[in-house]
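Chains G and R: place on chain Z using the hints.
Residue numbers (this note's numbering), protein chains in the order written: chain Z, -16 to 313; chain G, -16 to 313; chain R, -16 to 313.
Heads up, some of the hints might be wrong.
If several chains are the same, the list does not tell them apart, and a pair holds so long as it fits within one copy or across any two.
In silico BS3-like cross-links for lysine-lysine, where the CA-CA straight-line distance does not exceed 27 angstroms [unchecked claim]: (1) 45 - 296; (2) 261 - 248; (3) 236 - 252; (4) 236 - 89; (5) 89 - 197; (6) 184 - 209; (7) 252 - 160.
In short, the hints are calculated from the structure, not lab data.
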Amino acid sequence: DGIHSNALKVERAPYFSVGQKFQLDDVIEAQQFDRDILNAIFEVAQEMESIEKNSPGSQILKGYLMATLFYEPSTRTRLSFESAMKRLGGEVLTTENAREFSSAAKGETLEDTIRTVEGYSDIIVMRHFESGAARRAAVTAGIPIINAGDGPGQHPTQALLDVYTIQREIGKLDSIKVGLVGDLANGRTVRSLAYLLAKYKDVKIYFVAPDVVKMKDDIKEYLTSKGVKWEESADLMEVASECDVVYQTRIQKERFGERVDLYEKARGKYIVNKDVLKVMQTHAVVMHPLPRLDEITVDVDADPRAAYFRQAKNGLYIRMALLKLLLVGW
Amino acid sequence: DGIHSNALKVERAPYFSVGQKFQLDDVIEAQQFDRDILNAIFEVAQEMESIEKNSPGSQILKGYLMATLFYEPSTRTRLSFESAMKRLGGEVLTTENAREFSSAAKGETLEDTIRTVEGYSDIIVMRHFESGAARRAAVTAGIPIINAGDGPGQHPTQALLDVYTIQREIGKLDSIKVGLVGDLANGRTVRSLAYLLAKYKDVKIYFVAPDVVKMKDDIKEYLTSKGVKWEESADLMEVASECDVVYQTRIQKERFGERVDLYEKARGKYIVNKDVLKVMQTHAVVMHPLPRLDEITVDVDADPRAAYFRQAKNGLYIRMALLKLLLVGW
Amino acid sequence: DGIHSNALKVERAPYFSVGQKFQLDDVIEAQQFDRDILNAIFEVAQEMESIEKNSPGSQILKGYLMATLFYEPSTRTRLSFESAMKRLGGEVLTTENAREFSSAAKGETLEDTIRTVEGYSDIIVMRHFESGAARRAAVTAGIPIINAGDGPGQHPTQALLDVYTIQREIGKLDSIKVGLVGDLANGRTVRSLAYLLAKYKDVKIYFVAPDVVKMKDDIKEYLTSKGVKWEESADLMEVASECDVVYQTRIQKERFGERVDLYEKARGKYIVNKDVLKVMQTHAVVMHPLPRLDEITVDVDADPRAAYFRQAKNGLYIRMALLKLLLVGW
Chain Z
-16 DGIHSNALKV ERAPYFSVGQ KFQLDDVIEA QQFDRDILNA IFEVAQEMES
34 IEKNSPGSQI LKGYLMATLF YEPSTRTRLS FESAMKRLGG EVLTTENARE
84 FSSAAKGETL EDTIRTVEGY SDIIVMRHFE SGAARRAAVT AGIPIINAGD
134 GPGQHPTQAL LDVYTIQREI GKLDSIKVGL VGDLANGRTV RSLAYLLAKY
184 KDVKIYFVAP DVVKMKDDIK EYLTSKGVKW EESADLMEVA SECDVVYQTR
234 IQKERFGERV DLYEKARGKY IVNKDVLKVM QTHAVVMHPL PRLDEITVDV
284 DADPRAAYFR QAKNGLYIRM ALLKLLLVGW
Chain G
-16 DGIHSNALKV ERAPYFSVGQ KFQLDDVIEA QQFDRDILNA IFEVAQEMES
34 IEKNSPGSQI LKGYLMATLF YEPSTRTRLS FESAMKRLGG EVLTTENARE
84 FSSAAKGETL EDTIRTVEGY SDIIVMRHFE SGAARRAAVT AGIPIINAGD
134 GPGQHPTQAL LDVYTIQREI GKLDSIKVGL VGDLANGRTV RSLAYLLAKY
184 KDVKIYFVAP DVVKMKDDIK EYLTSKGVKW EESADLMEVA SECDVVYQTR
234 IQKERFGERV DLYEKARGKY IVNKDVLKVM QTHAVVMHPL PRLDEITVDV
284 DADPRAAYFR QAKNGLYIRM ALLKLLLVGW
Chain R
-16 DGIHSNALKV ERAPYFSVGQ KFQLDDVIEA QQFDRDILNA IFEVAQEMES
34 IEKNSPGSQI LKGYLMATLF YEPSTRTRLS FESAMKRLGG EVLTTENARE
84 FSSAAKGETL EDTIRTVEGY SDIIVMRHFE SGAARRAAVT AGIPIINAGD
134 GPGQHPTQAL LDVYTIQREI GKLDSIKVGL VGDLANGRTV RSLAYLLAKY
184 KDVKIYFVAP DVVKMKDDIK EYLTSKGVKW EESADLMEVA SECDVVYQTR
234 IQKERFGERV DLYEKARGKY IVNKDVLKVM QTHAVVMHPL PRLDEITVDV
284 DADPRAAYFR QAKNGLYIRM ALLKLLLVGW
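Pulled out of the complex, with its shape left as it was, chain Z reads as follows (with noise of 0.2 angstroms):
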């Protein structure tokens, strides 16, 4: 039955038909993608900076809805969202409650709020608290859904905006090196950057963290059976004077619970801040997911090669070539 074959599509057939255009149906993990339909969509996002230039104007998903379904609030990815949804001429319906569709008193099933909600809107932007959750909308909704975010699990459209400001800074995906800074064991981001990066070729990336927050083994086995070269440093200024990007992530608090003591050490051990700034190479860039506490000293944001900001903004672009892409195709 048609209804619940969208998922099932994502798992078992390329993106791409011969002779045309991939079709995108869902967004719900970074590993759907591989380099040739990444560089499609960055083609498109990039399309959608000259559009962003030029609005107020574009009308290119007008009378379409989208409807915010986040079951936590995450204020920075929903408004990152409406706001390529409006830069296109679409509208909104925002939720940041949607717990509330399925309390425990109540208790409905994430499927019959998904059955609900698609009859309202044209395609759903979904934040959940339980890995997989964006797949099980999926399987059961008519209309795209993207996943924005399902607790442990994976957050597809930020990797997607890490990969395309590497491509939009640096020129290039292939023959990069890239350090990855900071939390490597709970962050979720540079794990879903890792594994994009294995799709491309004679990449080499380096490890930086705290002995706490050190990359798990399972990304490590997986770059190397990809072929992608590895080494962990503990030396930030040689990494940083070697790298094409230093990507700096701040170290989760919220991870260490009462070892306060513990969270304390490894937060001051790796800050990207002027001298880090004096070994880098002209072209390369520092970037961060944000937000930042002072991993990067506030020192460093005027140096041009401070491209957080750019990275943030970039997603805005990316979200926008999703959303046109799911709802009107190429």
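Only chains G and R this time, still in chain Z's reference frame:
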């Protein structure tokens, strides 16, 4: 004084002027509609189905602004109204924390809040925790008010979408048999539905409820006074085999308080499952106001007689119709 | 560097260029406006009244996107701004939980949040709990910032709508007598109003306040230094008979803490009721920033001199004017 006359008109005057279409000022309670008005609204709702399917497109309500003034959250109802407004090209101001307007600390009256919000919008859709609040708002406001539920009182758009669904699914409202199942004591949905069905001819209603949540005497007496046949039954299978509509409802746990054992017993008593489907007639349907727990088993969903998600969708069409009628008339 | 210059311009430069209309960059505090700029804004606000009456229609801000970044909820102010934007054909991104951006756990700075949100929108309307936050945002942002209240600091659009209402109701701002009544110690509204009135000629201000909430010396000294006549009075009837405007305010219970007896005594002291109306002149008006409790009795509402709901509506026109001026200029 004109500003105070709206809701009084609801009570005093019929909605029809001789030789003309009726003028709808506010939607406050199910009782305000007679069968002629219901039919007229249903005709507009059916037109809305084609508008919705042709969107992007409708600009019927372009430039109109609806305020959703919700004193308690009800995401499902709110999204349905907001989708309806936006499908017709209108715009929305949203608040789900309207209580903040009149917080204990500040103590503003509902009337003052309404006078402020009517300055910002063209129509107010209001959800309130107090019975009668919608009527008070309508008395105050110079713009139309739609009651989206006021406490234990009324939820008239739900009642309308239920009757509309029967009309659409069965093709008629006279000479039908309807089984009301589940929590008949606490469900304002089934009470309103019984009330509206009394406006039609040759209707037979079956009540199928656990003892602790039986239909109350006021509705039974009302039906008898209107010449509507009704009976109570403990045999869901027999009722299901007779009826055009099996209207199942959720046992409302929150009404049982500490009496968890009573709740559990009531909850499991009447389940609509595949066995019930087997005895139902081909043309008959299962309805439910949603959310459901397990009072309808999931394996019923795939049967074409499972009408509850179509019923939810009909809420969109009914609300589109009401917004159109209240804002731009016929 | 251009990105940091906006708010500094507010301080250094006048808003007028010789031979040209002024350019408005941000709206941060009431003091930034002189009487020429106020008059210019009021002319645009009055044009907005006809636009609003002719809607559906205006597309002046079509394609523009306003972000309402509220660090504390203020439904009344938020809806007023969002209505203003939508009445002009613009679009809105809403958040009433902006604190989540910079939650204690995550600790993002206001500056970083602003840099992210300015990537998604064309103008930011900001409500914050800290005095000075709006100025910090304006220093950071490359797009216009409107202060919708920052803690005990400023709420400049309220001050503008108050002065605009006097202009509209009385027909002039020079040579008027204004009675400020109620909580003059805690009300930022009356303090800003007194400040702005000092820009006009031959103004006389009466302070009528319970002893515990008397107008503070700084404003009195400021008025004296500007040659504005003022006096304190305990006789509301006499003041009301003299004044063009009786500006009543709510005694702010939340400022009294445990001292409930003091609050109750202050609260009942000066009530605007029908007896006060009787001594007021025919052309005079009663104003109030709302919400009101019982400091104006409900039976005053029907009198044409009760201007407070028109005053609330004027907030819409002032905000429409400011959005237009900031986004598309003259």
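Checklist line | Structure-inconsistent hints, enumerated in ascending order | finding: Checked against the structure, no hint fails, so every one of them is satisfied.
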